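So the protein lines, in turn, are chains A and B. Note that the working numbering has the first sequence beginning at 1, numbered continuously upward. Note that the working numbering has the second sequence beginning at 1, numbered continuously upward.
Since the hints were made in silico from the structure, they are not lab data. These numbers come from a predicted model, not from an experiment. Heads up, the beta-carbon is just placed ideally off N, CA and C, and yes, glycines get one too.
Label pairs and their computed distance ranges (CB to CB):
| # | chain 1 | residue 1 | chain 2 | residue 2 | range |
| --- | --- | --- | --- | --- | --- |
| 1 | B | Ser273 | A | Ile56 | 41 to 49 angstroms |
| 2 | A | Asn11 | B | Glu286 | 19 to 27 angstroms |
| 3 | B | Ser206 | A | Gln23 | 46 to 54 angstroms |
| 4 | A | Asn11 | B | Asp100 | 19 to 27 angstroms |
| 5 | A | Lys366 | B | Asp100 | 35 to 43 angstroms |
| 6 | B | Ser56 | A | Glu274 | 52 to 60 angstroms |
| 7 | A | Lys366 | B | Ser56 | 53 to 61 angstroms |
| 8 | B | Phe151 | A | Glu274 | 28 to 36 angstroms |
Which residues of chain A face chain B? A partial, calculated answer using Cβ under 8 angstroms:
| # | residue |
| --- | --- |
| 9 | Tyr12 |
| 10 | Ile278 |
| 11 | Glu283 |
| 12 | Thr323 |
| 13 | Glu429 |
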Amino acid sequence: MSKVDINKSWNYAAAPESTAHIQLKKKYDLFIGGDFVKPLSKKYFDTVNPANGEQIAKVAEANKQDVDRAVKAARKAFKSWPKLSVKERGKYIFRIARMMQERAREFAVIESLDGGKPIRESRDIDIPLAANHFFYYAGWSDKLEYAFPNRIPKPLGVAGQIIPWNFPLLMAAWKIAPALATGNTVVMKPAETTSLTALKLAELIQDSGLPKGVVNIITGAGETGAAIVRHPDVDKIAFTGSTEVGKLIEKSLAGIEKKTTLELGGKGANIIFEDAAIEQAVEGIVNAIFFNQGHVCCAGSRLFVQASVADVVIEKLKERISTLIIGDPLDKNTDIGAINSTEQLATIEKYIAIGKKEGADIYQPKSQLPKKGNWCPPTLFLNVSQSHTIVQEEIFGPVLTIQTFRTIDEVIEKANNTPFGLSAGVWTERGSKIFKLSQKLKAGVIWANTFNKFDPASPFGGYKESGIGREGGLHGLKPYLKLES
Amino acid sequence: MTLPDLSKTPKIDKVGVHERTNRFCTRSIKTSAKQMGLHLALSMIDLTTLEGRDTSEKVKQLCYKARHLDDSIQGLPNVAAVCVYPTLVGVAKKELIGSDIKVASVATAFPSGQSTLEVKLNDTRYAIAEGADEVDMVISRGKFLQGEYNFVFDEIAAVKQACGKAHLKVILETGELDTLDNVRKASDIAMHSGANFIKTSTGKISPAATMPVVFVMLNAIKDFYKETGIKIGMKPAGGISTAKKSLQYLVMLKETLGDEWMNKDLFRFGASSLANDILMQLKKQETGIYQSLDYFSKD
Numbered sequence: 001m002s003k004v005d006i007n008k009s010w011n012y013a014a015a016p017e018s019t020a021h022i023q024l025k026k027k028y029d030l031f032i033g034g035d036f037v038k039p040l041s042k043k044y045f046d047t048v049n050p051a052n053g054e055q056i057a058k059v060a061e062a063n064k065q066d067v068d069r070a071v072k073a074a075r076k077a078f079k080s081w082p083k084l085s086v087k088e089r090g091k092y093i094f095r096i097a098r099m100m101q102e103r104a105r106e107f108a109v110i111e112s113l114d115g116g117k118p119i120r121e122s123r124d125i126d127i128p129l130a131a132n133h134f135f136y137y138a139g140w141s142d143k144l145e146y147a148f149p150n151r152i153p154k155p156l157g158v159a160g161q162i163i164p165w166n167f168p169l170l171m172a173a174w175k176i177a178p179a180l181a182t183g184n185t186v187v188m189k190p191a192e193t194t195s196l197t198a199l200k201l202a203e204l205i206q207d208s209g210l211p212k213g214v215v216n217i218i219t220g221a222g223e224t225g226a227a228i229v230r231h232p233d234v235d236k237i238a239f240t241g242s243t244e245v246g247k248l249i250e251k252s253l254a255g256i257e258k259k260t261t262l263e264l265g266g267k268g269a270n271i272i273f274e275d276a277a278i279e280q281a282v283e284g285i286v287n288a289i290f291f292n293q294g295h296v297c298c299a300g301s302r303l304f305v306q307a308s309v310a311d312v313v314i315e316k317l318k319e320r321i322s323t324l325i326i327g328d329p330l331d332k333n334t335d336i337g338a339i340n341s342t343e344q345l346a347t348i349e350k351y352i353a354i355g356k357k358e359g360a361d362i363y364q365p366k367s368q369l370p371k372k373g374n375w376c377p378p379t380l381f382l383n384v385s386q387s388h389t390i391v392q393e394e395i396f397g398p399v400l401t402i403q404t405f406r407t408i409d410e411v412i413e414k415a416n417n418t419p420f421g422l423s424a425g426v427w428t429e430r431g432s433k434i435f436k437l438s439q440k441l442k443a444g445v446i447w448a449n450t451f452n453k454f455d456p457a458s459p460f461g462g463y464k465e466s467g468i469g470r471e472g473g474l475h476g477l478k479p480y481l482k483l484e485s
Numbered sequence: 001m002t003l004p005d006l007s008k009t010p011k012i013d014k015v016g017v018h019e020r021t022n023r024f025c026t027r028s029i030k031t032s033a034k035q036m037g038l039h040l041a042l043s044m045i046d047l048t049t050l051e052g053r054d055t056s057e058k059v060k061q062l063c064y065k066a067r068h069l070d071d072s073i074q075g076l077p078n079v080a081a082v083c084v085y086p087t088l089v090g091v092a093k094k095e096l097i098g099s100d101i102k103v104a105s106v107a108t109a110f111p112s113g114q115s116t117l118e119v120k121l122n123d124t125r126y127a128i129a130e131g132a133d134e135v136d137m138v139i140s141r142g143k144f145l146q147g148e149y150n151f152v153f154d155e156i157a158a159v160k161q162a163c164g165k166a167h168l169k170v171i172l173e174t175g176e177l178d179t180l181d182n183v184r185k186a187s188d189i190a191m192h193s194g195a196n197f198i199k200t201s202t203g204k205i206s207p208a209a210t211m212p213v214v215f216v217m218l219n220a221i222k223d224f225y226k227e228t229g230i231k232i233g234m235k236p237a238g239g240i241s242t243a244k245k246s247l248q249y250l251v252m253l254k255e256t257l258g259d260e261w262m263n264k265d266l267f268r269f270g271a272s273s274l275a276n277d278i279l280m281q282l283k284k285q286e287t288g289i290y291q292s293l294d295y296f297s298k299d
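Using the sequences plus the hints, can you model the full thing?
Here it is as structure tokens:
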């Protein structure tokens, strides 16, 4: 045995998750009508590992004709899928959920490989939650009449679903599970930087024996998404992504009878009162903004600290973020992984530059970032006001703005003083304060003494520019149904 | 030394603490980190026997084990100390002559602490006179739960005085304190009244050491250090019997107090069966196979 010197400092050795067990093809076609078919566009694009810039696979780019083909396949499947007995429909969804659990490890590794998020998160949060969504909605499929008493729930038809790159598989589950449970068929498009787990889901669906064409998964960038939105035979659009694109979708659908749900950006207020459990609140701040590199629409990106405890909170926060481990997303000890794409990194860096230019004080811990790939250290901006650009606009990265407040009314006003309204957090040991704030804050979800907690049974969605409609829970069924009386 | 303003004691959110300590347990400690971590844990052990049926023979055997953890593995550190009752301190002291292993003695009417201050001080003085390097005292939990914080403070201060140069570890018996808020409060009282170490448990009450309790105590130590510049040590005791658990505690220590606390002067494990489990893991690292526990001496 080599000699061990216990007087040296103890550091974690590399603990990378194995990639030996995953199966990836070099080239992925479009999943239409139950089969992988070559794109009519004849075009493919690269999907890369954001942690080192290396190409992982080639993915088909669907054009307008490909979208049309997928919608036709979904329309054809819609003739029989809603007519299947609700019990059988539920069985298929349960089967997908179980198979996802069985393949969880492979999904987790591919999610981290393709998207840059730490394996701890994809393994412990993304994949289990995605499976839970299928389980949850499988349970609803034969109980819809009880969900909506005195109404006859009818499916809409073909649902066009466009999902973002921050939680690729989880967002696919959020969209597909309720659509299937309510008897709709699906054309889904993952984001162009994170197509792989959606394509692995397509393989899983193929293996599950789900009737052909009920779920179609096509890949591509914004153009492909636009073609789905504009397609006349799509009955419903469900979109999760930026507010900018959400507005474009709303505009293009004006005057057309197409149901839409939009889950868009956010600039969540995370409010720390002086009577909070400070140490745990600091942990909550970290979890609120540095979870998934801050690529979270409901991130707590605006921190409000009561002035009397601001110094201690900021000191503890600085200390805490200096212990976060940044690096290889596949290492089991990594806390902060890679920024999803070079484009997103450029956006984050642009905002950091704006923050500095506008006179805010920046703090970044000394951390060694890998040479290759897209990286951004956890970043704090101190001494900011409501008027700073970095306080007003969504950055979608590991960047936190910190403001102080004196009174409860002041913080409510400031927290609501934003075009967004997706999430908020309140930290106090006083129950009465929690109830007061949860009534006054205009946000779709408000967490008390915790942050970024998700559950399939809990509806999720935004006020104002953060979106329209709710996903998850009983509320998540409604956007996929016509409720006839 | 004055009693701190306990109305300013930071509040503890139990759910948040559990979430954080669960995160420590997901750290993956492999290869060289595992090897060094296990050596480190071994060097921090207070090898303990605290039974009514303890005899000189039993303590002698324990001391021999302390000096010869496993002669078939080279380069092993010694354990930090042997921990016994006051009447057996003399035996342990003699057995450990010539080694760097300290003798720790429990005192102050251990484990209940239900006696007069005079008895407690005599108990302490006796242990010191017998040669104890370290004294592990218990606080009066009944008084603490009655809100008589000054009483608890004064008692610790008096025992500290009786200890002289010997190190004082103050056992909070967290299993009887009920809430994490109480654990924090008791930690603050102990540190302000002169403790060199704060320690979770006697080992006689269940639950003994748990990660949430130790996490709260480590944070108290951190805040105390910031306030006074004095480094207080931490000793979880009872219930830590596996190598894996000891590594999880070291992860928590590293990520809470940092490298400066990663040594036996500031961190100890109060344990009896932990050493053999660590030895088994080290043997496995060396040979690649798990050996039966029958191949590790039980003393």
